[in-house]
Amino acid sequence: MTEITGVDPKGNESVGRAVQRKEDYRFLIGRGHYVSDLRLPGTRHVAFLRSPLAHAKINSIDISSALEADFVEAIFTGESDPFKSVSLIARSALPSYIETAQPILAWDKVRFSGEPIAAVVATDRYLAEDGLELIEVEYERLPANVSAWSTPAEPLHKEALDNVLLERRFQSGDVKDALAGAEVVIERELISNRQGGNPLECRAGVALFEPGDGTLQFWSGTQVPHLVRNALAELMGMSEAKIRVVAPDVGGGFGTKAALYPEDVAICMIARLMPGTPIKWVEDRAEHLLSATHARDHRYLVTAGFSSDGTLLALKADVTCNVGAYSVYPWTAGIEPLMAGGLLSGPYRLENYDCMVRAVATNSSPSGPYRGVARPASVFAMEAIMDEAARRLGMSTIDIRRKNFIGPQDIPYKMPTRLVDDSGHYERCLDKALELFDLDQFLEEQQRRRGTNEPPIGFGVACYNELTGLGRAASAGPRMPFRTGHDACTVKVNPDGTVTVFSGVTSQGQGLETTVAQIVADGIGVDYDDVQVRIGNTDESLWGFGAFSSRQAVIGGGAAQLSALVVRDKVIRLASELLEIDINDLILRDGKIWVAGEVEPRLSLAEIARVAYLESNRLPDGMEPGLEATRFYDPIRGAFAAGVQIGSLEVDVSTGEIRILKWVCVEDAGRVINPAIVDGQIAGAIAQGIGGAMYEHLIYDGDGNLSTGTLMDYLIPTSGEIPEMIIGHLQFPADNPLGVRGVGEGGTLGPNAVIAGAVADALGILVDQLPVTEGAVWEGLQ
Amino acid sequence: MRVTLSVNGKPATIDVEPRRTLADALREDLGLTGTHLGCEHGVCGACTVMLDGLPVRACLVLAVQAEGASLLTVEGLAGEDGALHPLQQSFTEHHALQCGFCTPGMLISALDLLNRIPNPTRAEIRSEMSGNICRCTGYNSITDAILAAARSLTQKD
Chain E
144 MTEITGVDPK GNESVGRAVQ RKEDYRFLIG RGHYVSDLRL PGTRHVAFLR
194 SPLAHAKINS IDISSALEAD FVEAIFTGES DPFKSVSLIA RSALPSYIET
244 AQPILAWDKV RFSGEPIAAV VATDRYLAED GLELIEVEYE RLPANVSAWS
294 TPAEPLHKEA LDNVLLERRF QSGDVKDALA GAEVVIEREL ISNRQGGNPL
344 ECRAGVALFE PGDGTLQFWS GTQVPHLVRN ALAELMGMSE AKIRVVAPDV
394 GGGFGTKAAL YPEDVAICMI ARLMPGTPIK WVEDRAEHLL SATHARDHRY
444 LVTAGFSSDG TLLALKADVT CNVGAYSVYP WTAGIEPLMA GGLLSGPYRL
494 ENYDCMVRAV ATNSSPSGPY RGVARPASVF AMEAIMDEAA RRLGMSTIDI
544 RRKNFIGPQD IPYKMPTRLV DDSGHYERCL DKALELFDLD QFLEEQQRRR
594 GTNEPPIGFG VACYNELTGL GRAASAGPRM PFRTGHDACT VKVNPDGTVT
644 VFSGVTSQGQ GLETTVAQIV ADGIGVDYDD VQVRIGNTDE SLWGFGAFSS
694 RQAVIGGGAA QLSALVVRDK VIRLASELLE IDINDLILRD GKIWVAGEVE
744 PRLSLAEIAR VAYLESNRLP DGMEPGLEAT RFYDPIRGAF AAGVQIGSLE
794 VDVSTGEIRI LKWVCVEDAG RVINPAIVDG QIAGAIAQGI GGAMYEHLIY
844 DGDGNLSTGT LMDYLIPTSG EIPEMIIGHL QFPADNPLGV RGVGEGGTLG
894 PNAVIAGAVA DALGILVDQL PVTEGAVWEG LQ
Chain Y
150 MRVTLSVNGK PATIDVEPRR TLADALREDL GLTGTHLGCE HGVCGACTVM
200 LDGLPVRACL VLAVQAEGAS LLTVEGLAGE DGALHPLQQS FTEHHALQCG
250 FCTPGMLISA LDLLNRIPNP TRAEIRSEMS GNICRCTGYN SITDAILAAA
300 RSLTQKD
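The listed protein sequences correspond, in order, to chains E and Y.
Heads up, the first sequence is in the working numbering, so the first residue is 144 and it goes up one at a time.
Heads up, the second sequence is in the working numbering, so the first residue is 150 and it goes up one at a time.
Short, incomplete list of chain E residues facing chain Y, as computed with Cβ under 7 Å: (1) 171; (2) 395; (3) 651; (4) 867.
Don't read these hints as lab results, they were simulated from the structure.
Quick caveat: nothing in here was measured; it's all calculated off a predicted structure.
Quick reminder that beta carbons are idealized off the backbone N, C-alpha and C, glycines included.
Chain Y extracted, bound-state conformation (with noise of 0.2 Å):
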């Protein structure tokens, strides 16, 4: 089936099986291998990407079913000039990221905490993010870090 989609802000069309997942297309049709896939059961994060603004599984989303949609993946979060998003700044420097295969998941899904929740508290922050599973870092800094980028986020504004 062909599939009309945008993804980061550019246009792109894919021919796929009806039962290829949205996170394969990205991977393989689209040649966007940073999205990773940690479980393929919708439970570990890692494939976490916006689709029209909200944050899916990109494993459990069908390419099919983003007909139309516009996503954005981790290669779009920073600057054409390659300047780091603050979410990404706030990660390297609060050594938020080790082997580094969760951090694509972990970045969109702290984006879209970040939309809805501009001043999390770090209780908060705990509790939006406990759907991403970290297996390198114990968390901590990742809380740090999404602390960090609200604060110079909301600065800016």
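One chain only, chain E, in its complex shape (with noise of 0.2 Å):
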């Protein structure tokens, strides 16, 4: 494996390059289609009750009154089919996976506060609010119970008695052993926060339903349409041929999206109900914050041994996640816990590893996948417990750290989960980040300050590997009844020589119908501004799994360029034919056919497209009319994508304020296709990672009340407190049709473990729990 060195592509290629996106122009003139922006003819809006209560009986829901007003035009509940009959049900063939039915709308009991009950159909979204006022809805309160490691007084579920939806071992070597002989011996319960992506759109949906062919169109903020439209035909019994969703333009979600709500099947079904009649809802923050999908909530009890020279030989670990009142559909309950045990030694070399996960339902929101799922908190786990073996080893956390890392000459590298490391690279790196970073000057003034009432400052460091763009083999591990290994991709030059792409992604800002077109552009070989990219469309494109799991450069990407050279090919062989010239010798760039050492172009694409559309008697025997290819993509394994962060803080002792002085990452993305985007992948990334470690924290208190329910309490960074970032890169190709790694989450999963590291660097405290507050380090420092 050869780095590729250097950004900036020879020749014409796109590839390599930061062309200017084709998303940015609609976007900056303030013409984005949104999902909220759809305004249909006749469209009527929802408004969802929902649960004031964490754990309560539902002993009556009375919409007598709100029927009477005037201005409300339908009051759904649950109590009536359809919605009774069907709720979301997660699957999984894991041994102890219990599964949960979670209804769309509650009727005899509510399990979180924020869970939807009826919906009120209206006019308009505040006539539709007035609506909610007036039902009357009889609770019988049930003991509620938000934390996942106490002792529940009144289950959630009747199949789950003790709240544990799922529990997995991961075993490898003989921990107990390893531990006996070991130099030291750390034991740490480590606690990280609960979050929630909070993509700055929030949900939103419009169906309608065609009583003219009995077709639903399901537009909808999601990441993950073809799933979606999947999901809705086995909920709806319909025919998938007669749903179309559609994912327009998408403002943010970070994993938020990735999950099908009741609220969306909700809906679809009242659509159904009232034919012809536009559907429409859009979520607030208030609700956002309290229902949709929140993550992160985990407790890791960990053991490690190390030897005298800092190798780790043993680790054994408890992670409970805290996985909300229901197991997420269609992701399952497992989605954390079984990411925390799968990855938690991260990039370092181990034998010896026993860890149980366990997924515990309480009365709160279901956790759902959020960019980087588990990984911010398992990663502060693993380098918390690095750090303390580098400090009572007398170790520095650096040479700790280059001591175990898994390196180029043990790839391909077996982990005691059995996943496939195929990167290697930590170590450079952290070479390249400590560069950056500049360790030599930090210490010395680290030194100086010592001496001085200047405020302390302290460094971390967090070394970590994304697996990313998993493919059939690496994505068995959660069992559902679906692998996400692949995706499809059309390309089709148009008669005039123009190139359109169906593409099975979608994106959510991630920039995708730039990155798809600048490699269908290379793979074709034509212009960047002659390719043009559908996306989100379950009518255009034929199969994609969707953004998550960082996957769709290297899957979405694989595809589309496959299917390019499937095109090109064919280009190729009908220019040869009507050139008369062998094809070896002839060459596609820049939308022109070129012979081989000749300066002038023989033939632009735009004749051999209407040859191939319009000139059927020309084409040469056997070969069909048109120019098009449809390819899917499975890399079976996975790209590990591997990142170091380093950064330096101060602390006011007198307060505990934390200002962050100096940040630096370098991940291996192995070949980039836009430099720009990439690094905005990054940077969004970190900034949402320094968010979790420092500021977001979902509360709730004892009786399940959501304590942080609005943006002042709920705390998002702003650009006052993120700090500036050094990014670098290393480009280790990975082994896919185009080198790539992916990028979207490995950002995330630094910050927590950087903050905390870095505290505990300055002021000598070790940090335990997250969010690093201002006031949990002045209590720290008391």
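Combine the two chains into a complex, taking the hints into account.
This is the structure we're talking about:
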């Protein structure tokens, strides 16, 4: 595996360049098309009545006064069909897994504050909300439990009396023996904080059932339109051929929009009950904080043994993840615990591993995928262990990591959880990060300040491996009834020589229209400006699982590349026939056919495309008209992306306030398709990680009321908090058609560990609990 | 209630309930969906528009309060010929937008910033722009874009 040096491509290729994004112009002039912007004639608006209680039996729902109000067009509750007969059940074949039935509208019991109970339909959102106030619900309170590590007084689901929905043990080697022989044994309890993805655009959907042909159209801000269509067909008893799901422009997702929610199904069902009427629901932020998926509410009990030279000998862990009230659809309650247990040891060599993970239901909003899935917390746990082992052994925090890294010589490295690491370039990332950070200068300044009254400074380091672009083997772990290893792409040269791509990828800001256009432009040999990419529409693309697991550049990009190459081959074959020149002497570049060695092109792609579509009489025998190809791609395994972050901060010891001084990140993104987009993904992910490390915390009180229900309480960092960042790259191509490694999530993995490590370094206090707020630091100092 | 106002230089009249927010009036009654709603409680800044030359959160202003006012929304930034405003141009050149949802509010707040402080420092930009949340970029590219736009605008003067 040779490193690619230099980012700029030679020649006219667009891959490797920060070309102007295709999305930008419409966004900048206010002409994006988000779901909430959709204005269909006769639209009716939905507002949901949500439970004010975290756990209660519903004795009655009285909608009679609401029905009498002339501004209320319709009210739906879960007591009647079709709502009552359908529930969201995430499926997995894992042995200990217990399914939960999440109602579309709760009717017998509510299990978290914010759970939808009834839907009111009116001509506008104001009137629909007025209608909510006329509904009377009689509840019988049940004891609520929001902590996954306390004994519940009342189980949420009768199928799981202890609230445990899944337990799985990862085992390799002999931990007991290895710990007995260890020079140093570290034991820690580490807790990470509940957060939410909080894309700036909340959830939204518009559903329209057309009575003329029995079709359902669903415009949704979803990351996974094909999965949504598949699920809606099953849940609503409809043919997939009669459902079209469209994800237009989507204002951020981060995993939050990768779930199918009860509200989504409810508005589709309402649309079918009100044929011909567009049904629109636009969530507000208060609803979002209450009822969109949460994440990262975990506890790690870790025991690790090290030899005297700092070698990690054994790792034993007990991981509990608070998965909320239901097993999230369709990903299951296993999404966080399985990821936490599968990748806890990170970029370090390890033979002896014994890790029990469990998913525990509580009276809180269901936990779902959120950028980095579990690893911001698991990296925090692993790096805390590394830092403490270094301290106990009198080593530097850098040296102990060097000692344990999986290296290029170990590749392919089978982790104790049987995942196969194909990277091994952690030490190179660390070296480059240290160079950009300038550790020597930092240590000098730290030493100098120690003799003064100036605020103490500290530095922290996080090393991580992000499993990206998971193929069918790597995505097998959760044993769901689908394997997310593949995507399809269709590439079509139009009769005028321009190119239209129908890709199964989706975009929530990652610029996939741009990235896919760059790949196809180079794959065929045409100008980037001549390629248009259509995404997010189940009637246009054949198949795509969507945006999650940093998979789309690898898998959707791979499919685009393969399709483009097939089309290119056909163009060259046809050109060869028309010119009567051997195919091996022909080159397709800049939309023109050149004969090798000549200075002028012989034919334009437009001339060839015209023959392909309009003059079949000139086609060679056996060649079909048209210039189009559809290909799937599945990388089978995945592409590990190595990453290292180093940050420094100073602490005001009188207040506990933290000021970040410097932040460096080096990632191996493999071959970079668009450097601006890649850096944008890394920077945005780091900012989210810093938010989670220091500010963002969804807090329930003991009764299960969310006490951080607005953005005045749930603090998303602003330009005032996020530091400048220095981002460096390594480019070791991965084993896939483009050589790319996913880069969407890695940035979130470092900040918890960096901040916790830096505070420990500055003040000599151990951070066991996140977030690291001013208050927590101040308390730690007392 | 009847409200007469000017939006992006053009007169407009709408008939709204007193409780209707300016943001909803712009989006639903005038079809100007470029102004986005991210929180509806005045924190995120996505719905920021200019009202008589000053930035306001359109989710916290009632449409009736805009009687007689002159509004500028994101749709009014580019030229009649579609040419981007220097801030818009700078945002695309510096990759200062990803999903585009915060962008309208960012642009209007940045315009207000440059109206008041034509040559801001990075620290001033960070402080002044801290009323607008972006969940995608991590803000550094937005700071770069505003700094570069300030330079290009002051060089023109």
